[in-house]
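Letter by letter, the chains look like this.
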Amino acid sequence: MIARIDNDHRRFRDIVRGRIRENLRKYVSRGDMVARKGKDSVTIPMPQIDIPRFIYGDNEDGEGGVGQGEGEVGDKVGGDPQDGSGSGKAGEDAGDKEVEVEVSLEELAEILGEELGLPRIEPRGDKNLETVRDKYTGLRTTGPESLRSFKATFQRALKRQIASGTYDSGKPMIVPVREDRRYRSWSEQPKPESSAVIIYMMDVSGSMGDEQKEIVRIESFWIDTWLRSQYKGIESRYIIHDATAREVDRDTFFSTRESGGTMISSAYRLCSELIEEQYDADNWNIYAFHFSDGDNWSVDDTSTCLKIMRETLFPQVNQFGYGQVESPYGSGQFVKDLRGAFGEEEKLVCSEVKAKDDIMDSIREFLKGGR
Amino acid sequence: MPPVSWSTTPELAELQEEIQGYASGYGLDFFTTIFEVIDYRQICEIAAYGGFPVRYPHWRFGMEYDRLIKSYSYGLSKIYELVINTDPCYAYLLDGNRWVDQKLVMAHVYGHCDFFKNNSYFSQTNRKMIDGMANHAVRLRRHMDRVGVNRVEEFIDVCASLDNLIDPWCKYRESLPGPEAAAAAADGADDSEENLAKLKSGKNYLESYINPPEFLESQRKKTEDEAARMKRIPPHPERDILAFLLAHAPLEQWEVDVLSIIREEAYYFLPQMQTKIMNEGWATYWHSKIMTAKALKDDEIVDYADVASGVTSMGPTQLNPYKIGVELFRDIEDRWNKGQFGPEWENCARLDEKESWDKQLGLGRDRIFEVRKLYNDVNFIDEFFTEDFCRRQKFFMFAKNRRSGDLQIASREFAEIKQKMLHQLTNAGQPFIFAVDANYMNRGELLLAHRHEGVDLKLNYARETLKNVEKVWRRPVSILTVIDDKPKRIRFDGREIGMSDETAAADYVL
Chain A
1 MIARIDNDHR RFRDIVRGRI RENLRKYVSR GDMVARKGKD SVTIPMPQID IPRFIYGDNE
61 DGEGGVGQGE GEVGDKVGGD PQDGSGSGKA GEDAGDKEVE VEVSLEELAE ILGEELGLPR
121 IEPRGDKNLE TVRDKYTGLR TTGPESLRSF KATFQRALKR QIASGTYDSG KPMIVPVRED
181 RRYRSWSEQP KPESSAVIIY MMDVSGSMGD EQKEIVRIES FWIDTWLRSQ YKGIESRYII
241 HDATAREVDR DTFFSTRESG GTMISSAYRL CSELIEEQYD ADNWNIYAFH FSDGDNWSVD
301 DTSTCLKIMR ETLFPQVNQF GYGQVESPYG SGQFVKDLRG AFGEEEKLVC SEVKAKDDIM
361 DSIREFLKGG R
Chain B
1001 MPPVSWSTTP ELAELQEEIQ GYASGYGLDF FTTIFEVIDY RQICEIAAYG GFPVRYPHWR
1061 FGMEYDRLIK SYSYGLSKIY ELVINTDPCY AYLLDGNRWV DQKLVMAHVY GHCDFFKNNS
1121 YFSQTNRKMI DGMANHAVRL RRHMDRVGVN RVEEFIDVCA SLDNLIDPWC KYRESLPGPE
1181 AAAAAADGAD DSEENLAKLK SGKNYLESYI NPPEFLESQR KKTEDEAARM KRIPPHPERD
1241 ILAFLLAHAP LEQWEVDVLS IIREEAYYFL PQMQTKIMNE GWATYWHSKI MTAKALKDDE
1301 IVDYADVASG VTSMGPTQLN PYKIGVELFR DIEDRWNKGQ FGPEWENCAR LDEKESWDKQ
1361 LGLGRDRIFE VRKLYNDVNF IDEFFTEDFC RRQKFFMFAK NRRSGDLQIA SREFAEIKQK
1421 MLHQLTNAGQ PFIFAVDANY MNRGELLLAH RHEGVDLKLN YARETLKNVE KVWRRPVSIL
1481 TVIDDKPKRI RFDGREIGMS DETAAADYVL
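Chains as they are written, first to last, in the numbering used here: chain A, 1 to 371; chain B, 1001 to 1510.
Everything labelled a hint here was simulated from the structure, so no lab data went into it. It is possible that some hints are incorrect.
Claimed, not checked - Coverage of chain B stretches by chain A, computed from C-beta distances (three or more under 8 angstroms per stretch; other residues unrestricted):
| # | segment |
| --- | --- |
| 1 | 1139-1145 |
| 2 | 1412-1425 |
| 3 | 1430-1437 |
Since the structure is predicted, the reported quantities are computational estimates derived from the model, not experimental observations. Glycine included, every Cβ here is placed at the ideal spot set by N, Cα and C.
Just chain A, with the same shape it has in the complex (with noise of 0.2 angstroms):
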């Protein structure tokens, strides 16, 4: 039976999707999602959800009351309001708080896909590595001791002795026979193995300020969340550089700034190698995102990075993806030898970032080709 709240309830979360679809870009480039994040879901603030009364401010005395407790005039209350675990009508007062809703990592991802205009991405080929495990799933009758069910061979016995009428309740007895016997069963069942691969590369060099890696970050978040809803599992790999690079975890690739020159090269040579070592292409769906500022050592450098893209990157990965990231240093040269040398490479996507507001737009240059 469905129950009456469940109507209400998803009426409800249809007009938490709708606010945010209507304020996706604010939501984007705030990136208050990205501080927000658990584990499966983010907590987004939507104070325009609550139903609007007259009711008391906070001026004056609002952040004051009554309090019962030891103590002198001076000294300091408070820690954690205690909704008595008892109480029934904990957390009555809900109204005071700011109104907060949370919601699914994968349903961000399909708001995110619905309002972009994403198409759902085709694995290449069958990449979709499968293994075999086996799950307990049911019961049967007969199964080796060790997985014998209790439970089930209980219920099984009582079951059996008040149809028989031997079940006396004031003296629980409960013996059970041969046929009572009940034992786990399992069967086997296909699991999807990783089969795709985000390599982040991000240059970390001087001319790259917070402003910018604020940009990179939730760029990332987004990009992550959407392939994430794409594939079942999914590998990311961190790489940052300056003149000279390394792999890294996740924390230090938003948290890290070095000072010293650009040498793009050094992270794409990183990453091939990588994909070489690690990720077989005939095995994995390969993405690839680098973020800088656009300014590169040198000429030549430059020109070693085409190289590595035109022959080991382009036909491993299914997409590469160059943002480029204004910053007040940076030449933004990069973007444009990249469209000059590759023009019409449909693995290659490159998307220019201003400010935060272009986020958006980035992303969908990045995701829409549904690779």
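Chain B: place on chain A using the hints.
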């Protein structure tokens, strides 16, 4: 004694019979109480619907449900007990609760049932509200079928935004605001003005002393003013703005129905807001009494103590109605048992004498039954929250330190604490808003006024609410209020919000 219902398991029905026996034994007087055992999902559903199994469809119930379910699954809070003010009285037990919990909840519920049945503020509520709510749902669904789900839902959003604009005294007024009321008042007003204005003296020689010419003059002027007022709409500032809108706003038939449903439900829930401390305090008093004196078995003591202390636990910055309520009832019982009331007690200045004051009157039990019948939270606190009690219970006022941003104990002054508490309870914590003029500036605009009592309105909410008032009134609407000590008028003309300084506020006596 009302019959015990048998809608639960035989064991629980037996338990109910036992607890009900104790409750009646103590003199609690309640409607037939029906317990139902439900799982957590269902209890959240019913709680989201304000205690009712069926409400009209609206997303805000879904939002509440979302919050309750999440807060439960994260282990933040758990609903223990749910009971509604109807006859018969329905209460819900959570499936899977421990036996001692079910006992406690039953004992608690009988406290609530007695309160619902006997407290005077509940006397005007519709005791068949389960049917009432279900009928409302049917009516709203019918409107949705006829004019479209979205239009009805949008209008419900608008009405829900105004649902606190009601008059707590409405049920006790002789007439409802509206055209009929104005007509009735006019009928009464026109019999021989001269005599009406005079005070009765009885003796001719006293006439000139009791009704001197100046007095007669002022009375005449008053009558004239009154007559002029009666031509205005509303004649007097009107707190039941929902009724006012029903009577005067250009609404379609279905909109009238939606708005009146929202209004009716708002009035139904009002007494619960007005008596939260008393109601919970009363129920807590009785579960504690019944459990500790009668129902509790030896092996349940620890579990009971654990739950009971949770119910009455109090964060330092949050008043727990269960705790204050039960402590006050116990204090009243104790005082009336010992005779610590009346002028003799009030005027006694000797602390040592007061300390050992015990006249052995034994009036406590009778007194608390009387109090639960006659009072609401405001006059309950006003009358029984004494300086002794305040000091013994260690109440304090806290405020935010402007420099550090921390909450600090600001005062332990009894007068200030009581003032603050009363302020929070007055009008169930809602601001006083009146409709004062339906033909403002002679342009058919609606003017509302906020009686400012020290705290400003929450401005962003006020603006959005004003927009919703305009959606009902369909002409520009304004509200007079005070912001940062300056009188202001906020106006919404259908397109934009404007705010201006206002000096005319004093023209309206609220």
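Comparing the hints with the structure gives:
Only when three residues or more bring their CB closer than 8 angstroms to a CB of chain A does the claim for the segment 1139-1145 of chain B stand; here the count is 0, and the claim is violated. Requiring three or more residues with a Cβ within less than 8 angstroms of a Cβ of chain A, the coverage given for the segment 1412-1425 of chain B holds, as 5 such residues are present. Residues of the segment 1430-1437 of chain B lying with their CB closer than 8 angstroms to a CB of chain A number 3, which satisfies the three-residue condition for coverage.
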